[in-house]
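**Student:** These protein sequence lines map, in sequence, to chains V and F. FYI, in the UniProt record's numbering the residues of the first sequence are 1 to 395. FYI, in the UniProt record's numbering the residues of the second sequence are 1 to 174.
I should point out that these hints are in silico values taken from the structure, not numbers from a laboratory. Errors might be hidden in some of the hints.
Stated by the list, open to error - Dumping the calculated SDA-like pairs for lysine to any residue here, alpha-carbon to alpha-carbon at most 25 Å:
1. F:K49 to V:G142
2. F:K49 to V:D257
3. F:K13 to V:L25
4. F:K13 to V:E263
5. F:K49 to V:H258
6. V:K136 to F:T134
7. V:K136 to F:I29
8. F:K49 to V:L265
9. F:K49 to V:L25
10. F:K49 to V:Y319
11. F:K49 to V:N146
12. F:K49 to F:G10
13. F:K49 to V:L266
14. F:K13 to V:F78
15. F:K13 to F:V39
16. V:K136 to F:D7
17. F:K13 to V:D257
18. V:K136 to F:E111
19. F:K13 to V:R261
20. V:K136 to F:G131
21. V:K136 to F:D46
22. F:K13 to V:L265
23. V:K136 to F:R122
24. F:K49 to V:I139
25. F:K49 to V:D140
26. F:K13 to V:L266
27. F:K49 to V:G87
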Amino acid sequence: MATLLLELGAAFAAIALAGSLARALGQSVIPFYILAGLVVNPFVLGTLGLPAIEDREVITVLAELGIVFLLFFLGLEFSFEQLLASGDRMTRVGLLDIVVNFPVGVGLGLALGWTPIEAVVLGGIVYISSSAVITKSLIDLGWIANAESEPVLGTLVFEDLAIAVYLALLAALLGGTADLGAALVDVAVVAGFFLALVLAVAVGGGWFERMLAIRSNELFVLRAVALAVLIAGAALAIGASEAVAAFFVGMGFSSTDHVHRLETLLVPLRDVFAAVFFFWIGLRTDPRLVVGVAVPLALAVVLTAPAKFVSGYYGGRLYDLDDRRSVRVACSLVTRGEFSLIIAALAATQGTGPVLTETVPAFAVGYVLVMSVLGTTLMDSAGTVERLLEPVLPG
Amino acid sequence: MTVYETDLPGVGKKFEVELDGERRLVVVIHNTGRREVFVRPEPDADAEKLFDLSDRLARQVGTILEGAYFQPIRTDSIETVLSDDALIEWVNVGPESPFVGGTLAETRLREEIGVSVVAIQRGEETITNPGPDTEIGTDDTLVVLGSRDACRRLHDLAAGDRTLDDDPDDPDAT
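Generate coordinates for the entire structure from the input sequences, incorporating the hints supplied.
**Tutor:** Given below as structure tokens:
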């Protein structure tokens with residue numbers, strides 16, 4: 001295509017179009033953003049002889065910003081006080097969720113003959129539900145005002161914390177080199193970086209507070225973005241996870257008085273860049289590769305959808321909900337989305353070998369497409385699901 | 001009356017208010033400022049959505065529910081809004097009010113509360129541009145100009161629900 005700007009414009013047009021289509025069909029936008037990227041990429045439009053949008057560095061950078069902002073907001077929403085206050089039940093429902101769903105993915109990976117690290121990547125991808133899609137559906141369906149929203153949101157909060165730890169560990173594992181000494185140095189550098197960041201967040205509350213104490217909206221946004229992107233970039237430069245770094249920066253701001261202002265002013269930025277991230281995932285995916293992983297994909301859907309359903313159902317029971325509401329919890333948690341793709345992106349960029357660089361990304365795209373549509377549909381028809389399952393439900 | 005408060009991580013907060021017997025009013029306040037209001041007809045039922053308000057509209061409706069828009073003596077002319085946060089209000093001075101018997105200068109309304117008294121209505125008579133030595137009596141109606149908050153504080157003072165020494169930010173003071 002003629003100029004980069006034109007190409008970028010075409011990309012945004014495709015994203016906007018996909019978003020409108022999703023809205024018209026009453027589906028979540030994430031799978032449609034991915035599909036938009038998939039359709040206009042060189043493997044599809046390109047092979048038809050039409051002008052395709054290339055996976056250029058500029059789109060990659062915008063997608064990286066999408067990851068940074070997604071995790072920044074996760075950190076911003078997160079507070080240890082809240083986790084502690086919600087106490088036992090949230091921990092129990094979160095543990096139930098991880099104990100049931102994570103091993104299913106790891107087991108499937110091992111059964112497919114993958115190495116332990118590759119299996120752990122698969123475990124993460126199938127474990128983590130989509131906070132973005134599920135929360136939005138809860139609001140759209142009006143369930144947010146009902147008791148079922150509590151175990152669902154509780155599980156999501158637990159998962160969000162788990163995924164921050166998981167990404168940090170995975171980045172360290174994937175970065176491991178053959179030379180043990182060099183690997184140890186790498187791990188030490190990364191560990192030191194995160195330790196410094198955690199300390200900064202723990203003791204630097206006042207500093208974060210003053211940093212954003214400025215009247216001008218323009219400077220406020222610039223300072224927040226500068227800090228988040230700078231620290232995420234520094235993390236990536238030394239081989240640590242930029243996502244986890246952004247999560248900590250968000251956490252640093254979470255205890256200040258600026259949370260509300262950050263949300264108001266930065267949500268549009270997050271939405272734009274996150275949309276580019278999903279589009280970029282589609283853009284770099286060769287649909288033939290997705291077809292190539294059809295067998296593991298089908299196995300994963302058949303195994304992990306029911307596993308999530310079962311853990312979700314008993315999660316609802318842990319909150320003393322009746323059958324109807326527990327089934328709703330079960331239906332809600334089936335959706336997978338942004339975090340599965342972030343894990344796959346990490347595996348693709350830092351991992352070695354064809355499984356991590358080709359199979360896993362293609363698998364993640366197919367998996368998220370299926371699970372997000374399946375999850376949203378299940379939520380919409382939770383009443384029917386409950387009637388169908390009535391004879392087998394224990395309660 | 002019991003109000004149940006629940007955190008909705010990533011969304012905001014949920015408040016449930018017990019109404020008569022079985023019913024509960026459910027208010028979801030989103031972090032974005034949007035308010036969703038539901039009613040749950042019975043404990044096990046799904047909440048039915050009543051309406052959706054923006055942050056700004058919710059505050060306005062809240063003031064109406066709170067009673068701050070309603071003037072017991074002048075129901076026909078409640079208030080005159082001059083701008084977003086400035087209004088002219090009619091405030092009735094109750095017998096318990098600390099103002100009774102003092103002059104306008106002694107009440108220090110302009111300094112302490114931030115309102116200017118532009119007129120005083122006493123029975124059929126209206127004193128326009130009252131001077132600092134004008135005395136205030138029971139059942140006088142002060143016509144004041146000030147911010148919404150200042151007018152609200154003045155209401156409490158004039159009704160005798162609060163003394164001048166009370167901390168205006170302390171909600172327990174009323």
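**Student:** Determine for every hint whether it applies to the structure shown.
**Tutor:** Hint by hint, here is what the structure shows:
1. F:K49 to V:G142: holds (7 Å)
2. F:K49 to V:D257: At roughly 31 Å apart (the allowed maximum being 25 Å), D257 of chain V and K49 of chain F break the hint.
3. F:K13 to V:L25: Between K13 of chain F and L25 of chain V the Cα gap is close to 29 Å, so the pair fails against 25 Å, i.e. violated.
4. F:K13 to V:E263: Given that 25 Å is the threshold and the Cα spacing comes to 15 Å, the pair holds.
5. F:K49 to V:H258: Since the Cα atoms of K49 of chain F and H258 of chain V sit roughly 31 Å apart, the hinted pair is violated (cutoff 25 Å).
6. V:K136 to F:T134: Measuring from Cα to Cα gives roughly 60 Å; hence the hint is violated.
7. V:K136 to F:I29: holds (14 Å)
8. F:K49 to V:L265: Between K49 of chain F and L265 of chain V the Cα gap is close to 28 Å, so the pair fails against 25 Å, i.e. violated.
9. F:K49 to V:L25: Status holds; Cα separation ~22 Å.
10. F:K49 to V:Y319: holds (23 Å)
11. F:K49 to V:N146: Answer holds: K49 of chain F to N146 of chain V is near 11 Å, not above 25 Å.
12. F:K49 to F:G10: Holds - the C-alpha atoms of G10 of chain F and K49 of chain F are around 20 Å apart, at most 25 Å.
13. F:K49 to V:L266: Violated - the C-alpha atoms of L266 of chain V and K49 of chain F are around 29 Å apart, more than 25 Å.
14. F:K13 to V:F78: Given that 25 Å is the threshold and the Cα spacing comes to 14 Å, the pair holds.
15. F:K13 to F:V39: The hint holds at about 16 Å.
16. V:K136 to F:D7: holds (16 Å)
17. F:K13 to V:D257: Roughly 17 Å between the alpha carbons, so the hint for K13 of chain F and D257 of chain V holds.
18. V:K136 to F:E111: violated (49 Å)
19. F:K13 to V:R261: Since the Cα atoms of K13 of chain F and R261 of chain V sit roughly 17 Å apart, the hinted pair holds (cutoff 25 Å).
20. V:K136 to F:G131: violated (60 Å)
21. V:K136 to F:D46: Measuring from Cα to Cα gives roughly 18 Å; hence the hint holds.
22. F:K13 to V:L265: Holds - the C-alpha atoms of L265 of chain V and K13 of chain F are around 20 Å apart, at most 25 Å.
23. V:K136 to F:R122: violated (57 Å)
24. F:K49 to V:I139: holds (11 Å)
25. F:K49 to V:D140: holds (11 Å)
26. F:K13 to V:L266: holds (20 Å)
27. F:K49 to V:G87: Violated - the C-alpha atoms of G87 of chain V and K49 of chain F are around 29 Å apart, more than 25 Å.
Comparing the model with each earlier hint shows violations of hints 2, 3, 5, 6, 8, 13, 18, 20, 23, 27; every other hint is respected.
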